[in-house]
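Here's the letter readout for the chains.
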Amino acid sequence: MSAEKTPNPSRRVTLNILRYNPQEAESEPRLQRYALEEADGMTLFIALNELREHQDPTLQFDFVCRAGICGSCAMMVNGRPRLACRTLVADLPSETTLTPLPFFELIGDLSVNTGKWMRGMSERLETWLHARETEPDLGRIEERMQPETAEAIYELDRCIECGCCVAACGTAQMRPDFVGAVGLGKIVRFRADPRDTRDDDDYFELIGDDTGVFGCMSLLACHDVCPKSLPLKTQIAFLRRKMALIA
Amino acid sequence: MSTSALIVQSGLADHLRKSRWPARLDLLQSGTGLILALFMWGHMFFVASILLGETAMWTVTRMFEGYFFFGGARPRLVSCVAAGVLLLFVLHALLALRKFPANYRQYRVLRAHVRAMRHEDSALWIWQVYTGFALFFLASAHLYQMLVWPQNIGPYASADRVWSDGLWPFYLLMLLAVEAHGGIGLYRLAMKWNWPRFSRNFLKKLKWGLTGFFLILGLMTLGAYMKIGFEHQARYGERYRPAELPAWLERLAPEGDFPRRGPKENAS
Ligand code: HEM
Ligand code: SF4
Ligand code: SF4
Ligand code: FES
Numbered sequence: 001m002s003a004e005k006t007p008n009p010s011r012r013v014t015l016n017i018l019r020y021n022p023q024e025a026e027s028e029p030r031l032q033r034y035a036l037e038e039a040d041g042m043t044l045f046i047a048l049n050e051l052r053e054h055q056d057p058t059l060q061f062d063f064v065c066r067a068g069i070c071g072s073c074a075m076m077v078n079g080r081p082r083l084a085c086r087t088l089v090a091d092l093p094s095e096t097t098l099t100p101l102p103f104f105e106l107i108g109d110l111s112v113n114t115g116k117w118m119r120g121m122s123e124r125l126e127t128w129l130h131a132r133e134t135e136p137d138l139g140r141i142e143e144r145m146q147p148e149t150a151e152a153i154y155e156l157d158r159c160i161e162c163g164c165c166v167a168a169c170g171t172a173q174m175r176p177d178f179v180g181a182v183g184l185g186k187i188v189r190f191r192a193d194p195r196d197t198r199d200d201d202d203y204f205e206l207i208g209d210d211t212g213v214f215g216c217m218s219l220l221a222c223h224d225v226c227p228k229s230l231p232l233k234t235q236i237a238f239l240r241r242k243m244a245l246i247a
Numbered sequence: 001m002s003t004s005a006l007i008v009q010s011g012l013a014d015h016l017r018k019s020r021w022p023a024r025l026d027l028l029q030s031g032t033g034l035i036l037a038l039f040m041w042g043h044m045f046f047v048a049s050i051l052l053g054e055t056a057m058w059t060v061t062r063m064f065e066g067y068f069f070f071g072g073a074r075p076r077l078v079s080c081v082a083a084g085v086l087l088l089f090v091l092h093a094l095l096a097l098r099k100f101p102a103n104y105r106q107y108r109v110l111r112a113h114v115r116a117m118r119h120e121d122s123a124l125w126i127w128q129v130y131t132g133f134a135l136f137f138l139a140s141a142h143l144y145q146m147l148v149w150p151q152n153i154g155p156y157a158s159a160d161r162v163w164s165d166g167l168w169p170f171y172l173l174m175l176l177a178v179e180a181h182g183g184i185g186l187y188r189l190a191m192k193w194n195w196p197r198f199s200r201n202f203l204k205k206l207k208w209g210l211t212g213f214f215l216i217l218g219l220m221t222l223g224a225y226m227k228i229g230f231e232h233q234a235r236y237g238e239r240y241r242p243a244e245l246p247a248w249l250e251r252l253a254p255e256g257d258f259p260r261r262g263p264k265e266n267a268s
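Protein chains in written order, with the numbering used here: chain A, 1 to 247; chain B, 1 to 268.
Where hints are given, some of them may not hold.
Said to hold, decoys possible - Here chain A is said to cover these stretches of chain B; the calculated rule only asks that three of the stretch's residues, wherever they fall, bring their Cβ under 8 Å from a Cβ of chain A:
#1 12-26
#2 88-101
#3 106-114
#4 184-194
Said to hold, decoys possible - No more than 20 Å apart at the CA atoms, straight line, and that leaves these computed lysine to aspartate or glutamate pairs for DMTMM-like:
#5 B:Lys18 x A:Asp202
#6 A:Lys242 x A:Glu205
#7 B:Lys18 x A:Asp201
#8 B:Lys99 x A:Asp210
#9 B:Lys18 x A:Glu123
#10 B:Lys99 x A:Asp177
#11 A:Lys233 x A:Asp157
#12 B:Lys18 x A:Glu133
#13 A:Lys228 x A:Asp157
#14 B:Lys18 x A:Asp200
#15 A:Lys242 x A:Asp201
#16 B:Lys207 x A:Asp224
#17 B:Lys205 x A:Asp224
#18 B:Lys18 x A:Glu155
#19 B:Lys18 x A:Glu126
#20 A:Lys242 x A:Glu161
#21 A:Lys233 x B:Glu244
#22 B:Lys204 x A:Asp224
#23 A:Lys242 x A:Asp193
#24 B:Lys205 x B:Glu120
#25 B:Lys18 x A:Asp224
#26 A:Lys116 x A:Glu161
#27 A:Lys228 x A:Glu123
#28 A:Lys228 x A:Glu155
#29 B:Lys227 x B:Glu238
#30 B:Lys18 x A:Glu205
Hints were generated in silico from the structure; no laboratory data involved. Beta carbons: idealized from backbone N, C-alpha and C, even for Gly.
Sequences are here, hints too, so could you generate the full structure?
Set out below in structure tokens:
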């Protein structure tokens, strides 16, 4: 990221990684130290792969795209959620601690099942288009949309469901049924979509309580950690106003 | 029993239409917090009138007692204001309970989370919880005092309370708690409702600036009362009465309470 921090090729970095396998009865959570040589342009994702290849084949972590698109490599880096594939080792101190995202079901070590939670949240909040006709006429030409509207929806759709916002959220840590910034953001996305027929009364049914928008305490950790820099602060405040107006 | 109450008791509340109350409670939490915080800042200025001298503080006190309007002091008016603030305060505290960590598990995970994240806004919120909890006791005691003994406010009466009654540590704690809590609260209000729409950075700086300003003002004020109380301890209980008022104020004072210096007297 910063130009002056060009990696020192001889730097040794230490990674303290939380190891725990919930599948094994005798496994207990512990920190394991790994040391490795930092290479040019090395991301955390590359570092972890190197550890798995050369030092410890049992180490568990997730990745798919390696380009900040799939959202599967999120983990806590020195206490804060980040995407491993978008984090340069050069930007980290020489000793770094990696722990799994809290809140989500732990698969093992740094691997968590965000997908399962995201799916449950989507079903609960019905985050799909509720169009007028139940049987869409596939032959018909789609209705036109204003470019600004399309742009706004596209902007909100940039969320990659990485779970960083939920892992950063103090409310979610205390109250596991909270839908998180990702859930609230999705409601804003469908509310902005003219093809969706639901009105604010319908959305109130989905998020008008303390598991939804009124549970959010505006601590803004979600906003500060979102790797896609989504304007979560503004979106949640916007939704809060709309939902408060109904009462 | 109403049908809906029976449905709720059966654990089927999710199948009812959603209540509008969470929205109203959220608005009430913000509304009571806003009024309390603005009241607190206004109140700080009135109390700080002691820095302008005993007569200034005396005048402000008498003004709130209606002295200049009703032909005499009516401390009951102060009781009424205290009752109103107490009501807002109880409502606000009740609503705040919804957001407190409800048990040790929640508290422990929140604290560990905030420490590990090193995230300023989350840390500020924890401080709001701590200071809010302290205010449960501090502000209740203070408001009760103002409600029941409203006549005991004045340059000497208040200074005696601070010094001779030994309440200055209490006021010091309350000052720190209320300034921290209200300042953070107002900043969070702006984040929560996205209004006023200044940048977050600016609002954060403004918040620290205002908190610093009111803390300094508060500490100077408390120091002034401690000094007056210390010097006045031998005459504990004696009330302050200005020897004479500036002419414009005297004209407002009730008939006969201060010697009128009409234009004729001044001329002679
Ligand atoms: C018994 C005393 C009090 C307690 C327990 C308390 C507690 C709390 C808590 C926990 C919050 C956070 C609520 C949330 O996150 O939604 C809060 C918010 C707030 N408090 Fe207090 N508080 C007390 C007294 C006061 C006083 C005296 C003031 C005035 C200076 C004040 C001003 C505020 C403001 C402006 C907010 C922000 C409102 C919001 O977040 O919607 N509070 N209070
Ligand atoms: S809102 Fe941001 S942090 Fe949250 S899941 Fe989407 S991309 Fe990740
Ligand atoms: S602003 Fe709301 S959703 Fe975001 S971290 Fe804070 S409480 Fe969670
Ligand atoms: S591997 Fe896909 S976002 Fe990191």
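We went through each hint and held it up to the structure:
1. Proximity of the segment 12-26 of chain B to chain A, defined as three or more residues with a beta carbon under 8 Å from a beta carbon of that chain, is established by the 10 residues found.
2. Note: the segment 88-101 of chain B has 3 residues with beta-carbon separation from chain A under 8 Å; the three-residue rule is met and the coverage holds.
3. Interface restraint, the segment 106-114 of chain B with chain A: holds (5 residues with C-beta to C-beta distance below 8 Å; minimum three).
4. Chain A is given as covering the segment 184-194 of chain B, and this holds because 5 residues of the stretch bring a CB closer than 8 Å to a CB of that chain, at least three being needed.
5. Under the criterion of a C-alpha separation no larger than 20 Å, the hint pairing B:Lys18 with A:Asp202 is consistent with the structure, at around 10 Å.
6. Under the criterion of a C-alpha separation no larger than 20 Å, the hint pairing A:Lys242 with A:Glu205 is consistent with the structure, at around 13 Å.
7. For the hint linking B:Lys18 to A:Asp201, the alpha-carbon distance of about 9 Å falls within 20 Å, and the restraint holds.
8. Proximity of B:Lys99 to A:Asp210 is assessed by CA-CA distance (about 10 Å); at most 20 Å being required, the pair is judged to hold.
9. Annotation: proposed proximity of B:Lys18 to A:Glu123 holds, straight-line Cα distance about 18 Å (limit 20 Å).
10. Proposed proximity of B:Lys99 and A:Asp177 is supported: the alpha carbons are some 14 Å apart, at most 20 Å.
11. For the given pair, A:Lys233 sits about 16 Å from A:Asp157 by alpha-carbon distance, which is consistent with the 20 Å threshold.
12. About 26 Å separates the Cα atoms of B:Lys18 and A:Glu133, which puts this hinted pair outside 20 Å; it is violated.
13. Proposed proximity of A:Lys228 and A:Asp157 is supported: the alpha carbons are some 10 Å apart, at most 20 Å.
14. For the hint linking B:Lys18 to A:Asp200, the alpha-carbon distance of about 12 Å falls within 20 Å, and the restraint holds.
15. The straight-line distance between the Cα atoms of A:Lys242 and A:Asp201 is roughly 10 Å, inside the 20 Å bound, and the hint therefore holds.
16. A threshold of 20 Å between alpha carbons decides the hint, and for B:Lys207 with A:Asp224 the separation of about 19 Å falls inside it, so the pair holds.
17. The suggested pairing of B:Lys205 with A:Asp224 holds, with an alpha-carbon distance near 17 Å, which does not exceed 20 Å.
18. Of the pairs offered as hints, the one joining B:Lys18 and A:Glu155 is violated, with about 30 Å between alpha carbons and a cut-off of 20 Å exceeded.
19. A distance of roughly 16 Å separates the Cα atoms of B:Lys18 and A:Glu126; the hinted pair therefore holds under the 20 Å criterion.
20. Taken as a hint, the A:Lys242 and A:Glu161 pair is broken in the structure, with Cα atoms around 24 Å apart against an allowance of 20 Å.
21. Annotation: proposed proximity of A:Lys233 to B:Glu244 is violated, straight-line Cα distance about 57 Å (limit 20 Å).
22. Restraint check for B:Lys204 and A:Asp224: the C-alpha separation of about 14 Å stays at or below 20 Å, so the hint holds.
23. A hinted pair counts as satisfied when its Cα atoms are at most 20 Å apart, and A:Lys242 with A:Asp193 qualifies at roughly 15 Å.
24. With a CA separation close to 13 Å, the supplied pair B:Lys205 and B:Glu120 stays within the 20 Å bound.
25. Proposed proximity of B:Lys18 and A:Asp224 is contradicted: the alpha carbons are some 31 Å apart, above 20 Å.
26. Distance check on the hinted pair: A:Lys116 and A:Glu161 sit about 11 Å apart at the alpha-carbon level, within 20 Å; holds.
27. Distance check on the hinted pair: A:Lys228 and A:Glu123 sit about 23 Å apart at the alpha-carbon level, beyond 20 Å; violated.
28. A distance of roughly 10 Å separates the Cα atoms of A:Lys228 and A:Glu155; the hinted pair therefore holds under the 20 Å criterion.
29. Simply put, B:Lys227 and B:Glu238 have alpha-carbon atoms about 16 Å apart, close enough for the 20 Å limit, and the pair holds.
30. Simply put, B:Lys18 and A:Glu205 have alpha-carbon atoms about 5 Å apart, close enough for the 20 Å limit, and the pair holds.
Comparing the model with each earlier hint shows violations of hints 12, 18, 20, 21, 25, 27; every other hint is respected.
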